[in-house]
Amino acid sequence: MSGLRAFRLMVWAAIVVLGMFVIVSTQRSGRSPTVETSSGTAKVGGPFSLVSHTGERVDNQSLAGRPYLVFFGFTYCPDICPTTLFELTDLMTELGPVADGFEVLFITVDPQRDTQEALASYMTSFDSRILALRGTAAETDAALKAFSAYAKKVPLEAGEYTMDHTAGVFLMKSDGSFGGMMDMHEPRETRLEKLRRIARDQVTGS
Amino acid sequence: MSSGFKLTVKLICILAAMLLSTSAFAHQFSQGDIKIGHPWSRVTPSAAPVAGAYLTVTNSGSQPDRLTGGSTPIADRIEVHQMTMDDGTARMRPLPDGVEIAAGAAVELAPGGIHLMLIKPNQQLIEGSSFKATLEFARAGTVEIEFVVQRNPTVETGSGNEHGGHTP
Ligand SMILES: [Cu+2]
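Chains as they are written, first to last, in the numbering used here: chain A, 1 to 206; chain B, 1 to 168.
So here's chain B without its partners, still in its complex pose (with noise of 0.2 Å):
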């Protein structure tokens, strides 16, 4: 019973996600094979030295690709991070040799996972507000994409981060 209950409740997460991605809130962007899904970057408190970035990259091609990190007018750069919890402690580490996109594969980077790092942001990210910005990959090369701000991931799991940081 458990793996098909299971199975239902994800197939029932995928037609949310399917529902959602679809309205007019979700936006996305595409360099030859990586597509990028709706960028966004969390709003941040006054004076704010970092901020936390999150997005959903597929790679559709038939090769291995890595997202290394990236640039921003509104920051000095983009890093890759990787946030833990681990019995209560939080943990945050750069990753340096970035995150793989395996062939055919999609990444989630979200909060409480993998995300994006800006770093020492020359502005305050106001809700509703935008800004560019170019993603690095290792095969890719460069992709020019726009970030939304908001206060919330668009999709409110609720009491539980099960769907996030669903890596391949």
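Chain A extracted, bound-state conformation (with noise of 0.2 Å):
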């Protein structure tokens, strides 16, 4: 008898247990689209016009019938800028040529601390694929534009001061229009098959 309640008690354990591991799986798995339409399809892509950290011209033209990754940051961040920067580098070793389809871009929204010298030092700890780009304030604005996202300049104690910045990775097609936002809270799996979708988007391929 008391045989029997221990069983089903076992039993009823193993369902609770069971069951917690699909909630948390579902809720896991449902999350991540959302990000992909909060940021608003409104209007990503537009022209703009930057220099990279080796000292060329970037811009949407020279883009054109390639994917590209797209997110804004500056060096005096110390926490989601090269955070960001790390795991970009780390999720296209993974994808090793997979990740030559597509190009992506550090645009710097502080270009002011942010000199071509620096960014090109600041560049040597990640992939060599990933471009730094800066432009002069009004270029700055205008790729800030073309991608519908926001900076801003705070000022601090003692002359310093830190940017406001969006944080998102922008993931851009082939023709230029968006392709949806990637999180970098999302699923490491998630990104990957996010990267490897955009590195397909080729023009003759797709």
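There could be a bad hint or two in this list.
One-sided and incomplete, this derived list gives chain A residues near chain B with beta-carbon spacing under 8 Å [to be verified]: (1) T75; (2) P78; (3) D79; (4) I80; (5) P82; (6) T83; (7) A118; (8) S121; (9) Y122; (10) T124; (11) Y150; (12) T162; (13) D164; (14) H165; (15) T166; (16) G168.
Cross-link-like lysine-lysine pairs, in silico, DSSO-like; alpha carbons within 27 Å at most [said to hold, decoys possible]: (17) B:K120 with A:K153; (18) B:K120 with A:K152; (19) A:K43 with A:K153; (20) B:K132 with B:K120; (21) A:K173 with A:K43; (22) B:K35 with B:K132.
Since the hints were derived computationally from the structure, they do not count as laboratory data. All of these numbers come straight from a predicted model, not from anything done at the bench. Ideal Cβ positions, reconstructed from N, Cα and C, are used throughout, including at glycine.
Hints are included, so try docking the two chains, each in its own frame, into the full complex.
The following block contains the structure:
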């Protein structure tokens, strides 16, 4: 009698544990797709022209026909910017030659402090396929506008300042249209799949 | 169901954290009622002007205390900052008054939330290296610690940051 009871308890416990597992896994997979729409398909993708840390001009025309990733940041950012760059480096290493199928652009929102020399040194720590781009204040504003992104200089004490900025990664298709956002908090497999999908979006292939 | 479910998940998190904290990798420092758990700093890109550093502070005393900043031989200074994400926009602000640790409470300084920021590091932070630092507390005074340099947090939270930044 008591043995049966113990057995029933164990079965119930097993059911509860399995049920929790199901709830957790469905919650996890169900959460990510909302990110894609949240940033608004409004008017992402427009004219911009900037200079890379290697000294070449990169604009929406030179990128025509190529899918690419764009994100905004600055080197005085200790957390989200270098983390995004390190994680992109890891993802690109895992994808290997597949990652040759798209360009990755890191646009500085702080051209005042992020000189081409500073960016060139900074970028030696990441996948060499990632380009850091900077422009004049006007060129930077135009680039922000092209992606409906946001950046604002915020003064701090002693003449110092920080930058508020849009943090997500924009995925741009080979026809220059917006292909959604990639959030670094999404599961790794989701991010890899998004990158594989954007890499497949070649003018000749699709 | 949901509160019981949450409690169970919390319990699992706590158990996992306990398991991890007993690993050889974890390290801690203490001074009076203040205990500093696993101070770590993120690897920095070449010539980075700043570096983020993280840890857990536990205050076992009966009075609140306040972490106000610190110093290290490898940077100009250490400040307490807060990162917030609001509608896709990242914002970082110094917390000039530091962060309060209530009596008997623990505060986690973690990526994406309240963190320490090394201003103008004079060397690149390489994975696996470590450096000494002095933390300043309003009540406990100074606490000598050593940061280890890691590329990623010890606890991989995976998809969400629900476990991060739980203040008392
Ligand atoms: Cu900071």
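Hint check against the structure, violated hint numbers in rising order
none
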